Each structure stands twice: as structure tokens, then as C-alpha cells.
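S.K.: Line by line, the protein sequences are chains A and B. Residue numbers are given in the numbering used here: position 381 of the first sequence equals residue 381, and the series is strictly consecutive. Here the numbering used here runs 1000 ahead of the position in the second sequence, where the first position is 1.
Hints are not guaranteed to be accurate.
[What the hints assert, rightly or not] List of simulated lysine-lysine pairs, DSSO-like, C-alpha gap at most 30 Å: (1) Lys269(A) to Lys281(A); (2) Lys1004(B) to Lys189(A); (3) Lys190(A) to Lys1004(B); (4) Lys269(A) to Lys1004(B); (5) Lys1233(B) to Lys1199(B).
Keep in mind the hints are simulated off the structure, nothing from the lab. Keep in mind it's a predicted model, so treat the numbers as computed, not measured.
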Amino acid sequence: MLFTSSSFLLLLGITFIVYYLPFLRRWQTLILIIASLIFYAWEQPYLLILLLGSISFNTLTTQGIYLSQTPNQRKLIAVLGVSANLGLLALFKYFKLIFVTVHGGLEDLTPVEAFLYYLPLPVGISFYTFEGISLLLDVFRSPEKPKWIPDKRLHFWYDTTLFVSFFPHLVAGPILKAHEFYPQINNQKKFTSIPWVRIFETLLTGYFLKMVIADNLKDLTYQISYPAFLDLSAADLWLRLLGYSMQIFADFAGYSLIAIGLADLFGYKLPDNFRFPYIAKSFSEFWTRWHISLSSWLKEYLYFSLGGNRKGKIRTYVNLMLVMLLGGMWHGGAWSFMVWGGFHGLVLVIERGIQQVVKLPNSIWVTTMERLLVFTGVSFAWLLFVLTDFSQALLYFKATFTHTDIPFVWGPLQVQLVLYSLPVIIYHLLYLLPDSLKQNQLKMAKPIFYGTMLFLLLTNAGVPGSFIYFRF
Amino acid sequence: MIVKSIVVGIFITSLFAFIIYANGNTIPTWGFPHWNHDNVGKTEKVAFHAPSANIILCGSSISYLMEPYLPREVYSLSITGGSPLTGMQLIHQLNLKPKIVGIEINYLERSVEDTYLTHPLYSGFSKEIKDLFPFMRTYYQPINAIGYLMSKNNIKVRDAYKITHPGHIGKTIENMLLPGKIKIGKELRDSATVNNTLKPMLELTRKITAQGIKVVFYEIPMNPLLMRTPRYKQLIEAFQDSIKLLEIPVTFIPAPKYSGWKTVDGDHLETASSRVYTEWLMKRIN
Chain A
1 MLFTSSSFLL LLGITFIVYY LPFLRRWQTL ILIIASLIFY AWEQPYLLIL LLGSISFNTL
61 TTQGIYLSQT PNQRKLIAVL GVSANLGLLA LFKYFKLIFV TVHGGLEDLT PVEAFLYYLP
121 LPVGISFYTF EGISLLLDVF RSPEKPKWIP DKRLHFWYDT TLFVSFFPHL VAGPILKAHE
181 FYPQINNQKK FTSIPWVRIF ETLLTGYFLK MVIADNLKDL TYQISYPAFL DLSAADLWLR
241 LLGYSMQIFA DFAGYSLIAI GLADLFGYKL PDNFRFPYIA KSFSEFWTRW HISLSSWLKE
301 YLYFSLGGNR KGKIRTYVNL MLVMLLGGMW HGGAWSFMVW GGFHGLVLVI ERGIQQVVKL
361 PNSIWVTTME RLLVFTGVSF AWLLFVLTDF SQALLYFKAT FTHTDIPFVW GPLQVQLVLY
421 SLPVIIYHLL YLLPDSLKQN QLKMAKPIFY GTMLFLLLTN AGVPGSFIYF RF
Chain B
1001 MIVKSIVVGI FITSLFAFII YANGNTIPTW GFPHWNHDNV GKTEKVAFHA PSANIILCGS
1061 SISYLMEPYL PREVYSLSIT GGSPLTGMQL IHQLNLKPKI VGIEINYLER SVEDTYLTHP
1121 LYSGFSKEIK DLFPFMRTYY QPINAIGYLM SKNNIKVRDA YKITHPGHIG KTIENMLLPG
1181 KIKIGKELRD SATVNNTLKP MLELTRKITA QGIKVVFYEI PMNPLLMRTP RYKQLIEAFQ
1241 DSIKLLEIPV TFIPAPKYSG WKTVDGDHLE TASSRVYTEW LMKRIN
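The following block holds chain B by itself, in its conformation from the complex (with noise of 0.2 Å):
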């Protein structure tokens, strides 16, 4: 039983690989139902073709929502629920050389998200056995596929942040910000965790730079309310102290000044605003 067992297993798992080599494609990242997919399945798209990458972003879900604007040799490493460090750290451990590696700056007080550096089918050896058997990567996973085929409306992750009930999740920052309920808005220069992300964020920075890359850190444009909490003055003072201490080259591109902006939910731009806004950042971060 056992035997016959492992047989049936190898001949599907072959027959799997053979649909994967001779198709080619791949589920759009966008494709996956959950974030924690997402994130792994895009980690292990910079792993396995960011060679060729001239820029990579690391980022949060902020970022996350450049994702279909941005052109093809820019690669995202923005961890939903995450932070840009987890990216950082990434591109260290995996000693990876793009030209431009841009940093978001709107949630570095987030620590590194480890689960997406140790996942065991993605970390250490098991990373060389995936690139010797590409079919058993995150973004082939034979259910995912099917859920995407078998749905009627493809609806990808980051709609989850649109409003389709007004008044709760997509109003979370706006509540927030109200007075008497304000937590977001609270001071953060002394929170030990910004020094904890802080100092780790110039480490790697450091580490980055001396591998021949060139860093740039942006600012993505968020509601203008949250942009002017104290919370995020210092959070943005603390952040520029910071790169002072690095004595080395890197640029700051901060949000631009435009009454415009649109968010769905107090942080994350809408979909106009996020195209125009990734053209407007590629222009720049050349």
C-alpha cells in the first residue's frame, strides 16, 4: 500500500510539473485570496527571477497597491501587514544586486515579519529544492489555480480594501482619527518600537549600499488627516534623523504636494490615485 501509494503520488505530482514546464505561466500574484500567499508567493518571485531586477520596493500594503502600475523589471517586495524591513532583510540574506532598492517609509515602525524569511518550504534548503522543482513554489500551488479558474469574479487581494459596506474597515483610519478615539494620532518619538525598527533599518541600509545598490526611500501620500497626526510628524522626523547618522548617500523622495489624493480607507490610495502616483515615483526614482 505504501509503495503503490508513492507511485500515484510521484505520477501525479510529474504530470503537474509537465502541465507547469510546458505552460509557463504563472498565477498573477494579485490572484492569491490571502495576503500571507501573497507575500510568500511574491518573495519567492524576487528569490527565484529578481536577478534581473533593476529595481526592487520593499514596503507594506501601501505600496502593495503600486503593484499593477509598476513596470516589469520592477519587482515588490511589500509584505501586506508587514514591513519594508522584511524586504530589506531579503535582499540582503539573499545577497541579491538590483540597481535601486526603494524603501517605504509610511509603516517603518512595523518590526521584520519573519514568517516570510523562514517559511520552511521557502527558507534555506528548502529554497534549493524549489529551484530545482520550480512546481513546488507558492505561486504553482494547484489550488490556488483552481480557485482562480473556478471563480466567477476574480476579485484579487487588494480589493479587499475597498469600501463595499460603508462604515467600518473602510473608514478604520478615519475613526481612528476622531477625537476621543484617536490612536493612531498619539506621540511615538520615544515608542521603543520606532528605535527598535529604526536602528535595524540603517544596519541594513548600510549593508545594502555596500553591495553596490542604490537606496532610495519614498513617501507614499496617505490622508492628509493621518499625515498630520503628531504620531506621524515624528515618526517622519525621528526617520530623517535617523538616515542623518548613516553618512552615506541615499535619496528621500517624500510625498507630493497635491490636494488630490484619494484613499479607501485613510492609508492606502485608490486606484487612480495609486497609478498616478507610481508613474509620478518611477519617473523620480530613476
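For reference, chain A alone in the conformation it holds in the complex (with noise of 0.2 Å):
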């Protein structure tokens, strides 16, 4: 079920009647459960079993931590369980791509190889398998029983189900922490703390981000695709490339603020996914402002786990490697992603020698500078989002440089896509303004931007498509 579409806008205003009827509020858990399960088996209900499973798989395995009476016990079942989490999310995301890679084709296929080869990707495995992940590690790190965890088992399970399946961040995050999310639990909602303006302001942004830039650029940007870049000048593969970092942020980012304001109406807080990240001056400092739930989910149970930075220079850079590596193959079976993943590792791995070495002038200009690398780099970075075939993306890049002898033409087409892009491009830019004026003048314009997404909402939306992020 998407967002945007009207059965979901109809489960939403069911659920939030029912949820908060005073009658009922001692069930409200239950409610958001039952609203969480519809959400998820609407077009694949066989989906659920999975879901279930993993639930009940990740909830027994928690017990079995914290229940066992030695500490090689705790840690084999806390091994036994991460593996079973992982092992489930490879042979959905992964088995394709390992088989063709050492198959060589798909020709001869078994049965149980061929009914392998053609399982689908369950929609939100790789959200809900990291969360189950969260959850043993949690346990596992802390010495007792954490007091978010209930006694009874029963309603340990009940918690582990709306933790994982809560439906605003289930299909698409943002990614969960057991520690952050169960203390809100069981807290009884009132309709009253409704923070209104907050969830307005939330809401509008995410579907004006979604409906009006992402989906209106989605159809200006289409062509980032073999062999259609060939024929166009350098000045619009760069155009195109712009649109697309714009397109997945505001996909991605429109997405993540629709979850936390749903969240947020029914009295539960997520975590933000992105702060501004365009205008990072660094690579590292772009990986605190993007998908920021994902990126402190792997620093927290891995790049900790593998040492971190505590282990000296080499170790450093191996564990950095490994984390982003990790990272690019989180977002799918392809081997494009690795690279991608390998590309941003290499990158940190770079910075951090040069940081120790050189000390940049805080000069604006210079500031400028690293800004528009890091932005270049990580737009460059996205072609191995759409051409998944590494030849083409480095075809493009050199395309890029090359294609000079092109006419460019300043069409319908180029027109649109800078001015789809201008919301994101002045989001970003109000961020660098001085606080006075956020504060000031800028609060005071508050009713205008917002006036001016909702009428865009209204007249302005694209042809929908569904959300980047639903595919990981």
C-alpha cells in the first residue's frame, strides 16, 4: 500500500478514529498492530507469514539471550540468531545474484534452484530484518534484562510485533533501534498531545518532496538510461544528473518525513533520516545528514563491533572499507551497489588520510569548494542507482566531459527539471542562513511556503511511481 494512494489515506482515517476512541485505549498497541498487518498483506497477504516469523523468530531468540545462564550460552544464541536474520535477508537479496555469478546463466536450472531464482523480494525485508538485528544486539550488549522488555512473554511478543510492523516505517524505514522504540510503547496515547502544527508541517513537506518534485522529476530524468544518455549534450547529462540527486532526495526523504508524521499522530517519535545532507562539506559529514538511520544503525552494531577507530590507522580504514562495502550491498542484489558502497568507503578512506595531513583555510570559497565535491562526487555516485551496469555508469561519467560537441537546447524538458529542483536546491540553502533570520523573518514566511506546497499538491502532482527505497 503506498502513501499516496486512497486505500491507505481510508485505513489511516479508520485507525486514527478507532485509535484514539477513549473506550479504547487500553488496545490502542492492539489497533496499530491490526492497522500495521492490513497495511502490509494488501497486495501480497502470503507476505505476512514471513513477517510473522521473523517477529516470532527475533522475539524467542531475545528470550533465549537474556534467559541463559552463561555467557558463551548468550553468545552463541545471540551469534545464532544475527546469522538466521542475515541468512534470511541473502537468500532473498542475494542468491540471485551469487548464482548467475558462479552459474554463468540460467540455463539447466533444478527445481529447488529454479523456485530459489524466482522468489520475490518480500517488500521491507531489509528494514525489518535490521530492526531484528537491533533488537538481539540490544539485549545482547546489556548486561541484565533492559527494563523496556516486558515481563510476560506473551506481551514481549505483542511489543516485537508493533515494533517491527508499525506501519509508517515498515515498508521503507526509517530503520528502528529496540532501545529507542520500546520505551514508547504502552504508553497510553491522548488526543490531546496531538502536536498538530509539528505533524502539518511534517506531512505537507513529505508528500509536497514525493508527489511534486519526486515524481515529477522521476519522468524528467528517465533519461539516465543505456543507450538513451548517447544522445544527449554534456551540459544535459549534467542537468539530468542534478535532477536525479534532487529526484532521490526528495523520493526518499519525502518518504521518511511522511513516516514520522504519521508516527508522530499516533503519539510515537522516529528517528529523523535526513539533516540537509546536500550541503555536507565532507564525505563523513554526508553520512551523518543521509539516511541517517541507516548509517547510524552500521556504525552502531558494526563499525563498533569490528573496533571502530580504537584499533589504529590500517584497521581504521579496513573497518571503514568493510561498513560502507556492507552498506552499498544492503541496498540490493546487485554488484553495483557494492561498488557504490566501495566508492563512498574509498572516499572516507581518502579524506581521513588527507585530514590528518592537510588543514584546510576555513575560508568560504574553500568551504564553497568541498561542498560542491562532495555534492559531485555523491551525484556521480547515484548513476550506479539507475545503470546498475558498471560499464554504462562509467560511459555516462565520461559522456559527461566528452559529449561537449552536442547542441544544448534549453526546452520544456531543461526548464522543468531546474525548476523541480529548486525546492531542494533552496531547502538546502536556508539551512546556511544565519539563525536570526530562520528565526525572524523566515518564521514569519512559514504560512506562505506551506500555503504555496499545498496549492502545488493540488495542481502540480506527477504521474505517481513508486517510492526508490521500496525495492531495498
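Fit chain to chain and form the complex, with the hints in mind.
M.R.: Listed below in C-alpha cells is the structure:
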């Protein structure tokens, strides 16, 4: 079910009303669980089996961890639990890739191989698997049973079901951490406590980014495909690259904002997923601003587990590369995602190395150049999300410098690419304004911004497309 | 803050609605920079204006190139990247009653493109809202209009079919027909795709004719190489076998025999050829 579909709006409306009925307040968690399961099962009900199986497995394994008698037993159960989660993810996500790479083709498949090869990728599996691992590791790292875990086993299963299946974040994040979400469950939520202004701002911005910006840009950047881009001039290729960077931000940040706003509507606080990523002055800063829930998950549960930066320079570089490669792989079963992760790992390593030797002056020109460099690098790396054949991505990169002989035409498509990119650019530039201006003049201009977004939502929504991160 | 924002939103929207009402102009459908907008725009145009149409043509991008030369009373539901079945489905869904429905057969193997039938701002209840509030229609989109006005060169969607840089897109079909690279020339007869699309085509034709509408199938000339491939010949045979099963009178206008047709990429006619063919077809379709 898409957040932009009418069936979802109906489900949301009914759930909201029932949820806040005073005589049903003690059943609020159950109401959210039922709504979430309907949301997930809407198009492919059989996927519920996998989701509920994963929830039950992680509940039992977590109980096994905190009930175990010896540290070794604890460790063994935790390792088995994490491995099973990763194994499930690998089966659905990477079997095809590994099979084709090893087998070389699809001829002479045995019935078992054919079954495994044609298994569809369950929506949201990358997200809920990581949340399951978060639960296991949070409990494993705590010397005692954490206070946020209820004593009754059934009650715990019930809370875990909400943690994993809560519909705002279920299919495309933000990825939740157990220790942040569980303490919010079971506190009865009141209608009078709803932060309406914050929800209005979050939902309106989210829907605007998705429906007006991302859905329109999707139709303007379609020529980043092979062989279509071979006909474009260098300027056109740069323009489309800019458009795609804005599109992927608008699509994913839009989704995340909608998820955060919806959760807020039911009294739950989800973590921020984006914080003006394109103004980052370094790649390491970019990763504190882009898909924050994934990068902080990787940092907390993987980078720190590997030793982080506490085991010397070389080990730090190796850890960085490893985390980014795995982060890339998380995005999908294609080598291009690994290359994408490898690129980010490599630039992080280089950047760290340079920062230890060179100290750049803190001037506006240097900062602007740094920002442009990071943005350009990040944008070129996005090519691997569209052109999953690495050689085609390289060809595109080369063409941005060599297609200077093809004339650039300032037509409606080019104008619209700029127009639809502008709100995202303005959004990022606003961040750079002095705080005094943000607090006074900009605050007064808020109704104009939101009023305009409302107008464009009514009149200028694009042809709906699914969220880019749904396929991850 | 919420109230203020809503008031501002209503004010801008009212101003926009007034400008549209006072002006009455619409962006020509070929002003859209992408076929998705164009497809939605034209389905909306047909939905809101077609009761006055004499003829509605259902097709793919092959028919789309005829649009500039169509008489005013002829509406086009040529879905770029899509199928004539989409247009047929729409005519049936909206219970439209033109005198004639023309159905292009060149790309019959494509299935219905649901996007243009289920677009949430277009279908069902929302269609009624758009009936009530015309400023919400796709062809009035303000950013489309600004883009159209601001561009120095009003390149139309159909210009994407023109060869601007030799060797690539413009030669796609020819490249596919080269020995050793034949993709498009493969046999098609047993293809499930064709069977899956011919069956709904027959059903929709029955339903449309039951609405008292005359159905005319037409074939647009393409590159002779393409029209001689086993795949294409089998498609035509499968189509002809199918219309025999209809047992209702329908007309089929095959592509005229003439060696002068020129295409830009193998299947889309060039501007001059498009004009000649459109005029030729309009004389016969009536």
C-alpha cells in the first residue's frame, strides 16, 4: 500500500478514529498492530507469514539471550540469531546475484534452484531484518534484561510485533533501534497531546517532496538509461544528474517525513532520516546527514563491533571500507551497489587520510568548493543506482566531459528540471542562513511556504511512482 | 500557523483558478516534456471533452506522431510507450459515444497501461473533483505552463523521436534488425503476450461496438524491413485470425503500399510522411 494511495488514506482515517476512542485506549497497541498488518498484507497477503515468522523468531531468540545462564550460551544464541536474520536477507536478496555469478546463466536449473531463483523480494525485508538484529544486539549488550522488555512473554511478542510492523516505517524505514522504540510502547496516547503544527509541517513537506518534486522529476530524468543518454549533450547530462540527485532526495526524504509525521499522529517519535545532506562539506559529514537511520545503525552495530577507530589507523580504514561495502550491499543484489558502497568507503578513507595531513583554511570559498566537490561525487555515485551495469555508468561519466559537440537546447524539459530541482536547492540553502534570520523573517514566511506547497500539491502532482527505496 | 497556511493555499489556488477561467487556454498536449504527463493530459482531455468527439484514435506512440495533423473533431488516445488497449479500455470505462473508434494495430502485443486508468488524481472520485475543479487537471499544471513559456525552444515530446545525434536512439529499430542482433524479428506466434493482448482486444471491441460505435482498425506504415520480419507478419496474421472470431462487422485499413514512407527510427514516421498518412487515413476512416 502506498502512502499516496486512496486505500491508505482510508485505512489511516479509520485507524486514527478508532485509536483515539477513549473506551478503546487500552487497546491502542493492538489497533496499530492490526492496521499495520492490513497495510503490509494489502497486495501480497502471503508475505505476512514471513514477517510474523521473523518477529516470532526474534522474540524467542531475544528471550533466549536474556534467560541464558552463561555468557557463552548468551553469545551463541546471539550469533545464531544474527546469522539467521542475515541468512534470510541473503536468501531473498543475494541468491540471484550469487547464483548467476557462479552458475553463469539460467540454463538447466533444477526445480529447487528455479524455486529459489524466482522467489520475489519481500517488501521491507531489509528494514525489518535490521530491526530484528537491533533487538538482539541491544539485549545482548545489556548485562541485564533491559527495563523496556516486558516480563510477560506474550506481552513481549506483542510489543515486538508493533516495533517491527508499525506501518509508518515498515516498508522503507527509518530503521528503528529497539532501545529507542520500545520505551514508547504502552504509554497511553492522548488525542489532546497530538502536536498538530509539527505533523502538518512534516506531512505537507513529505507529500510535497514525493508527489510534486520526486514524481515529476522521475519523468524528466528517465534518459539516464542506456542507450538513451548517448544522444544527450554534456550540459544535458549534468542537468539530468542534478535532477536525479534532487529526485532521490525528494523521494526518500519525502517518504521519511511522511513516516515520521504519521508516527507522530499516533504518539510515536521516529528518528530523523535526513538533515540537509547536500550541504555536507565532507563525505563523512554527508553520512551523518543522509539516511541517518541506516548510517547510525551501521555505526552502532557494525563499525563499533569491528573496533571502530580504536585499533589503529590501518584497522580503521579497513573497518570503514567494510562497513561501506556492506552498506552498499544492503541496497540490493547487484554488484553495482557494492561498487557504490566501495566508492563511498574509498572516499571516506582518502578523506580521513588527507584530513590528518592537510588543514584547509576556513574560508567561504574553500567551504563552497568542498560542498560542490562532495555533492558532485555523491551525484556521480547515484548513477550506479540507475545504471546497474558498471560499464554504462562509466560511459555516462565519460560523456559528461566528452559530449560537448552535441548542442544543448533550452527546452521545456530542461526548464522543468531546474524548476522542480529548485525547491530542494532552496531547502538546503535555507539551512545556511544565519539563525537570527531563520528564527524571525523565515518563521513569518512559513505560511507562504506551506500555502504554496498546498497549492502545488493540488495542482501539480506528478504521475505517481513507487518509492525508490521500496526495492531495497 | 496551520490556518494561515491553508488560507494562503486557498488564496493562491483561487487566483490560479481565476486566471484559468479568465484565460481559458490550455497547454497543447505536445507541450508536456514527458510522455507520462502527455498520456495523462490527453486521457483527461478525452474524459472531459470527448463527448463532442466524432472520432477517437487509440494507439501507441506510432499514432502519437499523427496528432498535429488530426482534424479538430478527432481526439487521440495514443499512449506513448503503451498500447491501443489502454484507449479502448478508457472509452469503455467512461462510456464514451464517438461515432468511430480507430484502433492502431502496429503494437497490439502490448498490454493495458494501468497508470493512465488508475491515476489517483484522474480516476473514480477524483475525476469528479476534476470535473468540478478544472484547475486540478493535468493539462493546466502551473509548472508545465511556466516551463513551456520559459523555454527558448519549444521542443515537443515527439521531437524525442528525431535523430539529434546519429547512431543511437534514432537507429534503434534498424539496429535490432541487423543480422546477429535480431531481437525484434523473432517469431511471435506462440508468444503468450500476444495471446494475452488479443483476447482483451476482442472483448473490448465487442463491448465498444455494443455501445453503438463503429470500430476501424488501421495499420501505420513503418520501415519495410520491420514489416517483413516473421514477427510482424505473424502479428498481423494473429490479428486477422482474431477479428474473424468477432463475427461483427469491423473495418481493417492496412498500411498503403507506397515506397516513399520515411521513418526516423524504423517505426515512427517522419513529419512529412506522418502528415501524408494522416490525411490519407482520415479520408478512409469516415
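S.K.: Now, for every hint given, state plainly whether the structure supports it.
M.R.: Tested hints:
Taking the CA atoms of Lys269(A) and Lys281(A), the gap is near 29 Å; set against the 30 Å cutoff, the hint holds. For the suggested pair Lys1004(B) and Lys189(A), the alpha carbons sit about 28 Å apart, so the restraint of at most 30 Å is met. The straight-line distance between the Cα atoms of Lys190(A) and Lys1004(B) is roughly 26 Å, inside the 30 Å bound, and the hint therefore holds. Between Lys269(A) and Lys1004(B) the alpha-carbon distance is near 26 Å, which keeps this suggested pair within the 30 Å criterion.
Taking the CA atoms of Lys1233(B) and Lys1199(B), the gap is near 19 Å; set against the 30 Å cutoff, the hint holds.
When held up to the earlier numbered hints, the structure conflicts with none and fits them all.
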